[in-house]
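S.K.: Using the sequences provided together with the hints, build the complete structure.
Order-wise, the sequence lines are chains A and B.
Add 31 to the 1-based position in the first sequence for the working numbering, that's all there is to it.
Add 299 to the 1-based position in the second sequence for the working numbering, that's all there is to it.
What the hints contain is simulated information worked out from the structure, not anything from laboratory work.
Heads up, the beta-carbon is just placed ideally off N, CA and C, and yes, glycines get one too.
Check each hint, because a few of them may be wrong.
To be verified - Every beta carbon over 10 angstroms from chain B, so not counted as near; a handful from chain A, in silico:
(1) 86
(2) 177
(3) 308
Claimed, not checked - Heads up, incomplete: computed chain A residues facing chain B, CB under 7 angstroms, no partners named:
(4) 55
(5) 95
(6) 98
(7) 120
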Amino acid sequence: MAIITRTPQGSKETVRQKRERDQELLVWPDLVFVEFICALLFTITFVVLSVLVDAPLLNKANPNITPNPSKAPWYLLNLQELLLHMEAGLAGVVVPTIALVVLIAMPYIDRSNEGQGVWFGTKNAVRITLFAFTFASLYITACILWDDGAHVRVYEQASVTFGFREEGDEWTWPGEINPFREDDPDDGALSFLNPAEGALLPIWDFIFFENRVAIRETWTWSMPVPIQPGDGDHDGRLDWPQDFANVPIPLNGTWIITFDEPEWMPGWMQRLYWYDRHLDVPEIMAIYVLPLTAIIAGIVIMLVTLFKLGWATTVRDAFIAMFTGFMLTYLALTLIGAAFRGKGQELVPPTHVPNLEEFPNISREVEPPSQYALLDAQVSARVEV
Amino acid sequence: MARTEQPRGPGFGDFLYDKLFHNYIWRSIFRSGYPNTPRNQMLAVATSVFLHLHPTRIHKTHVKITHTYCLGGLSFFMFLGLTVTGVMLMFYYVPSVDRAYTDIAALETNVRFGMLIRNLHRWMAHAMVITVLLHMMRVFYMGAYKPPREFNWVVGVILLVLTLLLSFTGYLLPWDQLALWAITVGSNIAGAAPTLGAQTRIVMLGGIEVGPGTLIRFYTLHVIALPLLAAIFMSVHFWRIRRDGGLARPL
Ligand code: HEM
Numbered sequence: 032m033a034i035i036t037r038t039p040q041g042s043k044e045t046v047r048q049k050r051e052r053d054q055e056l057l058v059w060p061d062l063v064f065v066e067f068i069c070a071l072l073f074t075i076t077f078v079v080l081s082v083l084v085d086a087p088l089l090n091k092a093n094p095n096i097t098p099n100p101s102k103a104p105w106y107l108l109n110l111q112e113l114l115l116h117m118e119a120g121l122a123g124v125v126v127p128t129i130a131l132v133v134l135i136a137m138p139y140i141d142r143s144n145e146g147q148g149v150w151f152g153t154k155n156a157v158r159i160t161l162f163a164f165t166f167a168s169l170y171i172t173a174c175i176l177w178d179d180g181a182h183v184r185v186y187e188q189a190s191v192t193f194g195f196r197e198e199g200d201e202w203t204w205p206g207e208i209n210p211f212r213e214d215d216p217d218d219g220a221l222s223f224l225n226p227a228e229g230a231l232l233p234i235w236d237f238i239f240f241e242n243r244v245a246i247r248e249t250w251t252w253s254m255p256v257p258i259q260p261g262d263g264d265h266d267g268r269l270d271w272p273q274d275f276a277n278v279p280i281p282l283n284g285t286w287i288i289t290f291d292e293p294e295w296m297p298g299w300m301q302r303l304y305w306y307d308r309h310l311d312v313p314e315i316m317a318i319y320v321l322p323l324t325a326i327i328a329g330i331v332i333m334l335v336t337l338f339k340l341g342w343a344t345t346v347r348d349a350f351i352a353m354f355t356g357f358m359l360t361y362l363a364l365t366l367i368g369a370a371f372r373g374k375g376q377e378l379v380p381p382t383h384v385p386n387l388e389e390f391p392n393i394s395r396e397v398e399p400p401s402q403y404a405l406l407d408a409q410v411s412a413r414v415e416v
Numbered sequence: 300m301a302r303t304e305q306p307r308g309p310g311f312g313d314f315l316y317d318k319l320f321h322n323y324i325w326r327s328i329f330r331s332g333y334p335n336t337p338r339n340q341m342l343a344v345a346t347s348v349f350l351h352l353h354p355t356r357i358h359k360t361h362v363k364i365t366h367t368y369c370l371g372g373l374s375f376f377m378f379l380g381l382t383v384t385g386v387m388l389m390f391y392y393v394p395s396v397d398r399a400y401t402d403i404a405a406l407e408t409n410v411r412f413g414m415l416i417r418n419l420h421r422w423m424a425h426a427m428v429i430t431v432l433l434h435m436m437r438v439f440y441m442g443a444y445k446p447p448r449e450f451n452w453v454v455g456v457i458l459l460v461l462t463l464l465l466s467f468t469g470y471l472l473p474w475d476q477l478a479l480w481a482i483t484v485g486s487n488i489a490g491a492a493p494t495l496g497a498q499t500r501i502v503m504l505g506g507i508e509v510g511p512g513t514l515i516r517f518y519t520l521h522v523i524a525l526p527l528l529a530a531i532f533m534s535v536h537f538w539r540i541r542r543d544g545g546l547a548r549p550l
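M.R.: See below:
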């Protein structure tokens, strides 16, 4: 049974469950008792734990000795992990802020009352959760391995194993299998569509599949461009990445009209102006566009699959998938940051992650005197006197 | 044949009970006596400072441990435990760069049960982050954030952020290498914010780098400002649960 009440606006109806007095128990003793047992169990657990395991205390803080790796507290390790894959502001502030805002806004978007108050109360909720869990685990693992170039190493090894190339041969990933690449592409005819040197070469080369930063560092191509915009030296070609590394943005203060830097403004306001800003497009691709695309694509692929499968049909279903994905990502990035990031934040197996307490420079030099030893010494000294 | 309850004469137990709990001093503390009747049991909850955040009656499905796994309650329990152990730590700890580290080291070695208190505080702090996250998951997977509980979910998210901030500010206080560099990494993350990052970082650290200014800032936030805020939001959180008609139930 439900009670329908009107919200202040009188437009939407909120539904409240009706009180069922005959189904109610007294808080004392029924709830207070459970709480008491819970509190007791946990007190005992924590006292035992604290007797057995000591909290870490390393050397006194020393700004001159930087431990390698330096790690944030564990619940922030997921942000530190994100930091390795995208621009710092995006990873550390923008993405988590958006996540928090969506988390806060969720009840205002998903307002159906269906299936509340029961574990996985809606139809297909368990399925969607399991799907999102599996999908997100695989997706996160794939993204991290890709960014680390793990597949390149696999390819490298496999191509030797299966006899595509000799050990130690020069090679480019996997441009060497580009069927249109010629050893000497400069045969005079500048054909736009000639895959060996035309516009499609960059696509055939697939070099940017190496990892995220390869798009800026190893992916090179050159495209014939007959018309020349603006003046200055122009070689008739557009080259990636150098021709894209310093693109003036419209109205940046030097583009068409030149105006002075607004010095009368406080510094942070000046920074809001695009004065003398140039865009490094390859860099933007590597640190903003690709990571963001990966995040958005992950969410979209997951949701589209679920809706196409017919498992998800409502807003609640979409949120179950996204929330599960979010929590899994939080957990997975934390785990990777804690157990798989070694020196210099390299991706290593857990056994290679240095334990800070083992480092003489970082851990405590002096073994502390046993508990009470000092106090006991004082007491006995006084007794002797 | 229906059995009706017959009054029994007082036994020895009742005599003892009467002497123990019906005397002047006891009744001055506990007005309603030991709550052994439904009326007194409700009074016990409603009139006690410590229990009055509860409703007096509760739907029977919510008493089952598998409904909440006690996770919200455990988060609150961790908070209480942290307050108690935290106060004890404050007896021995001075938040200055010269003393902080030695105070903690001395606490471990020179103070009876000092190590135990420190361990308790540390492990409960970690546990609280975990229980709060799990609590959020249980609320989510039960759809317990739906109208009319939207706002309590928002209060919950604020509590989550406060919990993380409490834990983060506490991390610096031992002033060891772990603390210094973790906070350095953490504040660099905040410092990367677009446009206002550098300013945020300076306000947060009370300087350019983690130093004496940071220590006193984090200490003050950790022992006064954040716990106070958390306590306020927790009161609102608990109060809203009752205002929203108890825990969520199927319609
Ligand atoms: C310091 C942190 C928190 C404390 C001490 C706390 C405490 C509690 C307690 C004791 C309950 C009663 C039911 C239960 O035990 O599950 C509860 C319910 C609730 N909590 Fe929290 N909570 C905290 C954080 C959160 C967070 C992070 C969220 C969500 C983002 C949240 C959302 C809710 C909601 C919506 C309810 C009502 C659930 C229902 O009606 O079934 N709380 N909280």
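S.K.: Could you work out which of the previously given hints the structure breaks and list their numbers from low to high?
M.R.: 1 and 5
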